[in-house]
Amino acid sequence: MNVQLISPLEPSDPFLAELARLESRLPATEPPWLRAVRRRALARFGERGFPGRRDEDWKYTDVSTIAERPLRVALPGVGPLGTGAAGIEAGRIEAGEWRYAGLECVELVFVNGHCVSTSADINYFYDRGALPERTTLAPLAAMLSNAPPMLRSSIQRMADAPPDAFAALNAAFTADGAYLAVPDGVALDVPVHLVFLSAPGDGPVASFPRIYIHLGKEARASVIESYIGMDAQENLTCAVTEIIAAAGARCDHYRVQREHPRSYHVGRLSVSQARDSEVTSFSIACGARLSRQDIAVRLEGEGASVALHGLYVGEGRRHVDHHTRIDHLLPHTNSEEHYKGVLDGRSRGVFNGTVVVHPDAQKSEAHQSNHNLLLSGEAEIDTKPELQIHADDVICSHGASVGRLDPDALFYLCSRGIEAPVARAILTQAFIDEVLARLPIAALRLGLARDLGSAETSAELLSALI
Amino acid sequence: MLAVHDLEVRIAGKPILKGIDLEVGSGEVHAIMGPNASGKSTLAHVLAGREGYEVTAGGVTFDGEDLLALSPEERAHRGVFLAFQYPVAIPGVNNAYFLKAALNAGRKYRGLAELDAIEFLNLVKEKLKLVHLDEALLKRAVNEGFSGGEKKRNEVFQMAVLEPRLAILDETDSGLDIDALKLVAEGVNRLRDGQRSFVVVTHYQRLLSYVVPDRVHVLSGGRIVRSGGRELALDLDAHGYDWVKVAAA
Ligand SMILES: Nc1ncnc2c1ncn2[C@@H]1O[C@H](COP(=O)(O)OP(=O)(O)O)[C@@H](O)[C@H]1O
Ligand SMILES: [Mg+2]
Chain A
1 MNVQLISPLE PSDPFLAELA RLESRLPATE PPWLRAVRRR ALARFGERGF PGRRDEDWKY
61 TDVSTIAERP LRVALPGVGP LGTGAAGIEA GRIEAGEWRY AGLECVELVF VNGHCVSTSA
121 DINYFYDRGA LPERTTLAPL AAMLSNAPPM LRSSIQRMAD APPDAFAALN AAFTADGAYL
181 AVPDGVALDV PVHLVFLSAP GDGPVASFPR IYIHLGKEAR ASVIESYIGM DAQENLTCAV
241 TEIIAAAGAR CDHYRVQREH PRSYHVGRLS VSQARDSEVT SFSIACGARL SRQDIAVRLE
301 GEGASVALHG LYVGEGRRHV DHHTRIDHLL PHTNSEEHYK GVLDGRSRGV FNGTVVVHPD
361 AQKSEAHQSN HNLLLSGEAE IDTKPELQIH ADDVICSHGA SVGRLDPDAL FYLCSRGIEA
421 PVARAILTQA FIDEVLARLP IAALRLGLAR DLGSAETSAE LLSALI
Chain B
467 MLAVHDLEVR IAGKPILKGI DLEVGSGEVH AIMGPNASGK STLAHVLAGR EGYEVTAGGV
527 TFDGEDLLAL SPEERAHRGV FLAFQYPVAI PGVNNAYFLK AALNAGRKYR GLAELDAIEF
587 LNLVKEKLKL VHLDEALLKR AVNEGFSGGE KKRNEVFQMA VLEPRLAILD ETDSGLDIDA
647 LKLVAEGVNR LRDGQRSFVV VTHYQRLLSY VVPDRVHVLS GGRIVRSGGR ELALDLDAHG
707 YDWVKVAAA
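Protein sequences, first through last, are from chains A and B.
According to our numbering, the first sequence holds residues 1 to 466 in order.
According to our numbering, the second sequence holds residues 467 to 715 in order.
Because the hints were derived from the structure by calculation, they are not lab data.
Since the model is a prediction, treat every value here as computed from it, not as a measurement.
Heads up, a few of these hints could be off.
[As the list claims (entries may be wrong)] Across the chosen pairs, the derived CB separations fall in these ranges:
| hint | chain 1 | residue 1 | chain 2 | residue 2 | range |
| --- | --- | --- | --- | --- | --- |
| 1 | A | Gly377 | B | Gly660 | 47 to 55 Å |
| 2 | B | Tyr552 | A | Arg48 | 39 to 47 Å |
| 3 | A | Ile389 | B | Ser613 | 51 to 59 Å |
| 4 | B | Tyr552 | A | Ala443 | 34 to 42 Å |
| 5 | B | Arg573 | A | Ala95 | 49 to 57 Å |
Glycine included, each C-beta is placed from N, C-alpha and C at the ideal position.
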C-alpha cells in the first residue's frame, strides 16, 4: 500500500517526525507490515485530529490540554533502565511499592509503556508453575517480529478502523505492552498483574502500551492492570487493551488507574465474547488530572455474559470520564453494569453507559446502574444511560442517582462521638465498599480499600469477628 | 449536671419548645411524658446537637458548660448519649466497625488507649448478652433490616458499651413487648451507679415500674405543664393527658 497517498499528514508533521524518532530506537527486526500499519494509523489520526467538544462522545471532556502540548513519545533504550524514564531508580522497581500485600500473582512491570521485566523474570513464573506451559505471557515487543496471526490482525484492525483518535495514536506509537494467550481448557491459578509505571523523562512523556489477551475455549484467566504514577508530573498514558474470549472462556479483568494527580490517562478496553463466555471487568479510577476510560464489549455468541463494575473518585480539579458500550448481538446474552462515583472538591465526573440490544438478541437481559456521591458543592457529575433496544423479548433496566451524604446518618455517627470528618469518611467508605465488596480477590480488595483512604477497613474487623 | 433554662426552640420559624426549665442532678432519673407532637423528641434532639433547630431563647448547661455551643461529637465526649426514637439505618456501615470507632473516639478524648479489635470484641460480646442480641448483629450494617425491637435494643446496647454520663432515651420502650421492655430497663438499671443520670421519654408508665424515676415531667404544647414524683406517672396512666392539659390552661 502506498502510504503517501492515504496520508493527509504533511511530511513535516511533528507526529511523523516523532514516529521516525521512535522507530530509530526500535529493533531492526520489526517487520515492514508493522511500520506500514503505524503510518496508516497516524494517517487515520491525521484525518480527524483530536476530538473536540462537538464530538458527542467527548462533549464533557475537553482534551485540548493534551492536544496543545508537544507529543514526546517515551522511547525504549533511553535512561537508566532503558525505558525513557530519567527519574526512576531501579531500587524502587525492586521494592515494588505498588504491590498488593498478600497477592500471589505473575507480575510484569513496565516503565512508560516499555517492559522492564526480563525473560528470566518471566521464566521464574513458568518454573514455579504459576504459568502453565502452553500459556504464553510475553512483552508485546517480543511478539511483534513473528506475530501470531490473531495478534497481527488485531493490530491492523485497530490501526485501520480506530474507534477514536487515541486508539489511532496508540496504534501508531505502540511498541510494547503485554501479550497473554491461554490455550483451550487451560486455567491460570493466579492473576497476571501488569504494572504500568509512569515516570518523568527529560520532560513530560507519552506512553502507548498495548495489551492483548486471548483466551481459548473454556480457558480462564484473571488480569490486573495497574497504572501507577511515580512523580510522573504531566505524563500521558494512552493504553489499549483487547480481550478475546472464545467459547466458554472466563476472564476477570481489573484496571486500577492511580496516575499522578497532574497527569493524563486515556484507556480503552475492547472485549469480544464468543458463546457462553463470561467476562467481568472492574475499572477503578482514582488518579490523574484528566482520565478517560472507554470500554466496548461485543457479545457475539449466544449465552455470553459480561459484568462491568466501576468506581471513580474525584478530588481537587480532577476530571474523570467513563464511557461504556455493550453490544448484544445474539440471543440469550446478558450484561450488567454497576458504576459508582465519589466526587469532591471541584472535580467532575462523566459516566455514559450505552447498551445496544440488536434485533437478533432476543431473550437477552441488560441491567445498568450508576450512583454518584457529591461531597462538595462544586463537584459535578454528568451521567447518561443510553439504552437502544431493537428486540422486543428482552429485559432491560437502568437507574442513575446523584446524592449527598445523608445528614441523619452523619448526625447518628457524630452523636456517638465520632468526629465529623471521620463520620463523613465512614459514610463515603460505605458507598465505595459496595463496589469493592464485589472484588473476588481479597488481597486486591483490602489493598484498594487502603489506597482509597480507610486506615482500617471494616473488612479487617469482620475477619477478626469470624 | 444538666440544666435547661427557659429554652425556646423553633423549627423553620415555628415555635415548638416554648420555655422549658429542667434540672437533672447527678445520679437522677427524670421521666418526660406527654402526648404526641408535644416536643419531646425536639428537646432530645436539641440536647444531642442535631441541626435544623433554632434556639431563640434560654440555654442549656452540662456540668456548667454551655452545651449548645458544642458539636454533637463534643457532647458525646462529655458523656451525653441519645437513644433515638427512630434510629437511622446506615447501609454499608458495619455495626461493629461503627461502634468501635465511637468507643475509641471517646477513649481518645479521655486520654485512654484505643481498644484493638480483639479487646473490643470481648467487651461488646458481654454487653450483647445484656440485651439478648445475637452476635450476628455485629456483622450487619447499622440498623439495616433490623426489626423495630432490634433497633431499640441496639440503642440500649450502644449505651451499655459507651457508658454515658447522661443518657436520654426517646421512647425506647415504644413498640416493645414486656420481655424486651424489661431488657431495656435492665440496661438502664445496670448503668445506674449514683453518678449517671437519665432522661427517659415515654408514653407509658409501664417502663417506669422497672426504671423508677426521681421526677416525672409532663410536656404538652412545648411546655412542661406539670412536674412531680413517680406517682404522677400513675395518675397519667389512669386519667390520660387531658386533665394535665386542663390543669395547665
Ligand atoms: N423537622 C421538622 N420540621 C417541621 N416540624 C417538625 C419537625 N420535627 C418536628 N416537628 C414538629 O414539632 C412538633 C413536635 O414534634 P416532636 O418533638 O417530634 O414531638 P413528640 O416527640 O413529642 O411526639 C410537632 O408538631 C412536629 O410536627
Ligand atoms: Mg417523639
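Holds or violated: 49 to 57 Å for the Cβ distance of B/Arg573 and A/Ala95? At roughly 36 Å between Cβ atoms, A/Ala95 and B/Arg573 fall outside 49 to 57 Å, so the hint is violated.
Distance restraint evaluation - B/Tyr552, A/Ala443, Cβ atoms, bounds 34 to 42 Å: holds (40 Å)
Taking 51 to 59 Å as the stated bounds, is the beta-carbon spacing between A/Ile389 and B/Ser613 within them? violated (41 Å)
With 47 to 55 Å as the target window, see if A/Gly377 and B/Gly660 comply at their CB atoms. This hint holds: roughly 49 Å between Cβ atoms.
A range of 39 to 47 Å was offered for this pair. Does it hold for the Cβ distance of B/Tyr552 and A/Arg48? violated (58 Å)
Hint violations for this structure: numbers 2, 3, 5, all remaining hints satisfied.
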